[in-house]
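Asks: Each chain is listed here by its residues.
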Amino acid sequence: MKLRSIHAMWGLLLMLGFASRTYAQSNFSLNDVPELKNKRAIHLILETGEAHGKAIPVIEAFTKKTGVPVQVERVASSGVYGKENVELMAGTGHYDVVYVETSWTTEWSDYLFKLKDLANKVDPGKYASLEKDMANMSPSILATGQAYGNQMVLPFYTFDMTMWVRQDVFDDPTEKANFKAKYGYELAAAKTWDQLHDQAAFFTRKKGEMLKGQPLDHDLFGLSMQAGAYQDNDETTARLWSMDADWVTVQKDSSGKITKFVITKKDKEALKAALTEYKGDLQWDSPGALTANFDFVVAQIGNGNAIIAPTIWANCTTWADGILKEKVPGGKIGAYPTPGGHPYTGAWSYGVAKSTKNPEAAYWLVRYLTSYEAGVRMFKEAGLIPGRIDVMETVAKDGPEYPLGMLAKYHINIWKATGANIPNYYYYNTKAGGKVYDNQIYVLAPALTGQKTVDEVVEDLTKQTIDLQNKFDKTASCVEEK
Amino acid sequence: MLSNSPPLTGPLAEREARKPTIWETLTSERYFRWTLLIPLLVLLAIFMLYPLIYSIYFSFHDWGMQGDPTFTGLHNYRQLVFDENFLMAFRRTLEVLVICIVVELGVGLGLALLWNRDFRGQNVVRGLSLLPLLVAPLILSLLWNFILDFNFGALNHVLQAIGLPKLNLWKPSIALFTICGMTIWQWLPFSTFVLLAGLKSLPRDVFEAARVDGASRWYTFRRLTLPMLTPLIMIIVVLRSMWLIRLFDPLFGTTRGGVNTELLDWITYRTSFVMFDIGYGSAMAIVSWAVTMALCLVMFRQLMKQMAPRT
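Keeping their order, the protein sequence lines are chains A and B.
Per this note's numbering: the first sequence = residues 1 to 482.
Per this note's numbering: the second sequence = residues 1 to 311.
These are calculated hints, taken from the structure and not from any lab test.
Heads up, some of the hints might be wrong.
[Unchecked claim] Below, computed lysine-lysine pairings styled on DSBU-like, alpha-carbon distance capped at 35 Å: (1) 166(B) to 191(A); (2) 180(A) to 305(B); (3) 452(A) to 166(B); (4) 166(B) to 463(A); (5) 207(A) to 166(B); (6) 191(A) to 19(B); (7) 212(A) to 200(B); (8) 332(A) to 171(B); (9) 200(B) to 327(A); (10) 182(A) to 19(B); (11) 332(A) to 166(B); (12) 305(B) to 272(A); (13) 325(A) to 171(B); (14) 171(B) to 452(A); (15) 176(A) to 305(B); (16) 305(B) to 182(A); (17) 279(A) to 171(B); (18) 305(B) to 325(A); (19) 272(A) to 200(B); (20) 166(B) to 327(A); (21) 166(B) to 265(A); (22) 305(B) to 206(A); (23) 212(A) to 166(B).
[Claimed, not checked] Distance ranges between label pairs, derived from CB positions: (24) 79(A) to 243(B): 21 to 29 Å; (25) 49(A) to 218(B): 27 to 35 Å; (26) 70(B) to 398(A): 55 to 63 Å.
[Unchecked claim] Every beta carbon over 10 Å from chain A, so not counted as near; a handful from chain B, in silico: (27) 64; (28) 66; (29) 80; (30) 84; (31) 122; (32) 139; (33) 150; (34) 228; (35) 254; (36) 257; (37) 259; (38) 291; (39) 292.
If you're wondering where the values come from, they're calculated on a predicted model, not measured in any experiment.
Glycine included, C-beta positions come from ideal geometry on N, C-alpha and C.
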């Protein structure tokens, strides 16, 4: 009996050891980077900001291990496309590792290595090694970094949208009772745009009115949105996708090849409805929303000036929460899917430029920056959310329940819920993505400010999207459904 | 006379006999002006003429930085004529130009007249008022964004503290005026100091004579001060017109072309360097350049007329 117990214990220990070994092997780390002969420095862009700065030690660790110097250029996200586009098109090789917003992936696919090809060339474990690591990443986020079925980039962090609600307010018994008495249903995170409108109207209050049983010392807005000429298109995308529509419908044949880009009647009607609703929602937001970016929304929620941010970047949550803790004692943010359940998604990702003089080091740096090890670090220290399921699972299990655990669970669920739609969305299939995306920002703005009617803006956008699409993407023609 | 001169001897004769060195040629009276001018002309050709010609070339092509440019003739220019966004940006730019120049000249002249008198602390006041000119316009636009933000801006905090309602200066109906205000605030010292320098250099005897003849202050200002300052006013108008047509920085830190504030330079930048529609963007740039040239040429001729000696 005793001997059997000892055998059983040994067996258990062996199994545990094996299990932990398998787990450790599945997580790529710096130790898996082979000796690199080419020590030529590589150059990449890292976004500005304190959070992104947390990646510097990760990059330094790479240099220490490999002996390859890495020159980091700090650039604000709005300046990345212009800087990289010029260098890529000119083939200068200035950026070895390319920082890519995933809606530009297809556009830049001619200038980036297919990661499969590169892995087979420089990775001793070949593509299988990369594939094994990619199995731990979100399939939907990976899909946003593909061009024509080829993985071009790996996600550094995702900018999945979410809806913030002031959880402490939503959980307050007085507010819950008052809401139910007025609208006839329970106060809970809105699943539809109509519910959102009820809540936005309910929480828009004047100074002196009550919130959670206390008089307000400032005006309170039901909503906070980023409706400036900066990200108004992303907010619109979440609305469009929730209507099962898109900016442009991508038509493919049975082999998956794109045959046509069509702005369907349904797309146009959905866009009109989305913009009308978006404009209407601004009545419950601060007048400052019309020139607002995400930082404004963070400040509004963090300072307790607004209750719901229906379409905001999930990776800003820890930032807003930090302010909220300081400014509103007891304040807490809840993260939920945007109304309609199809938040805008994608990732800031890294790929390898074809023009690089050191593809091997660039490949391994991309692998490391997007690894489990770096992901855990960036998530816990910077609040930037990597596109990796394994990181989310680790944090959901072992990390603090709030806010990181909440965000991890949110992402695991939203990736499962929306993954199937991603590969067909227009942004991830067009070579004109960068241009169309930026143009949308400016064309949409007059509809929100009232300078033009929604119908006029939709017509303008239709015409300009077709022009840009046909000008910059010759893979298939773009037409309007008549 | 020359034939009677004694023949040159010694080093002078040697120098006369041999060919002049390059240095001697370059520094000779005949070529010295060109020696000084050519480096400048070469630099101008490289950094001004070459890009200009290249832009003109691209303006007749369709090019998105991929592949070879495709010749499209006047297509880009034809498109511009019907491009509502471009025309709106053009109109807004003219509005900004007129508003800024009128206000800067009016207020600048008023301040210059005020500061033309001696007063206590004049040097401090004059020194401090120069400060806006010393700050980079982009930094200023970011600062103004912080000051004017509806919810978190310093201005509204002050207004609320004294019991006044908040102001939304970024409403589409007034945002362009806010941009004008920012620009005027920065550039007002320029016109003020140019005009002040002009006032300081006016001949005193003419004004003394007018005073002795019993001319009123208004009459003196209208018939003496203003005409004498006209060349300087023209210089301010020419320079500010050139700069205002290219106004860009105030938008970058604030509206980024939204809320009815997209100007000519912003739409050109957006088309060329955000959407990388280089052909169309070049056409916009060329139109902007041509307008600037035309405006400045007209004003420059006026300036020259003003400055020409009167008989």
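Asks: Report holds if the minimum CB distance from residue 122(B) to chain A is greater than 10 Å, and violated otherwise.
Replies: holds, 39 Å
Asks: Taking only the CA atoms, is the gap from residue 212(A) to residue 166(B) under or equal to 35 Å?
Replies: holds, 25 Å
Asks: Are the Cα atoms of residue 305(B) and residue 206(A) separated by 35 Å or less?
Replies: Given that 35 Å is the threshold and the Cα spacing comes to 62 Å, the pair is violated.
Asks: Is the claim that residue 64(B) lies outside the interface with chain A correct, judged by CB distances over 10 Å?
Replies: violated, 5 Å
Asks: Please verify whether residue 305(B) and residue 182(A) have alpha carbons no more than 35 Å apart.
Replies: violated, 76 Å
Asks: Taking the minimum C-beta separation from residue 84(B) to chain A, is that value above 10 Å?
Replies: At roughly 8 Å from the nearest Cβ of chain A, residue 84(B) sits no farther out than 10 Å, so the non-interface label is violated.
Asks: Determine whether the non-interface label on residue 292(B) survives the test: each CB of chain A must be over 10 Å from its CB.
Replies: About 24 Å separates residue 292(B) from the closest Cβ of chain A, which puts it past 10 Å; holds.
Asks: Measuring from beta carbon to beta carbon, are residue 70(B) and residue 398(A) in 55 to 63 Å?
Replies: Between residue 70(B) and residue 398(A), where Cβ atoms are some 58 Å apart, the hint holds.
Asks: Given the proposed pairing of residue 182(A) with residue 19(B), does the C-alpha separation stay at or below 35 Å?
Replies: Measuring from Cα to Cα gives roughly 104 Å; hence the hint is violated.
Asks: Does residue 139(B) really sit off the interface, with its C-beta more than 10 Å from all C-beta atoms of chain A?
Replies: Its Cβ never comes within 10 Å of chain A, the nearest being 15 Å, so this holds.
Asks: Verify the proposed pairing of residue 166(B) with residue 265(A), using a straight-line Cα cut of 35 Å.
Replies: violated, 43 Å
Asks: Is the distance from the Cβ of residue 79(A) to the Cβ of residue 243(B) consistent with 21 to 29 Å?
Replies: holds, 24 Å
Hint compliance for this structure: hints 2, 4, 6, 7, 9, 10, 12, 15, 16, 18, 19, 21, 22, 25, 27, 28, 30, 33, 35, 36 and 37 are not met, and every other hint is.
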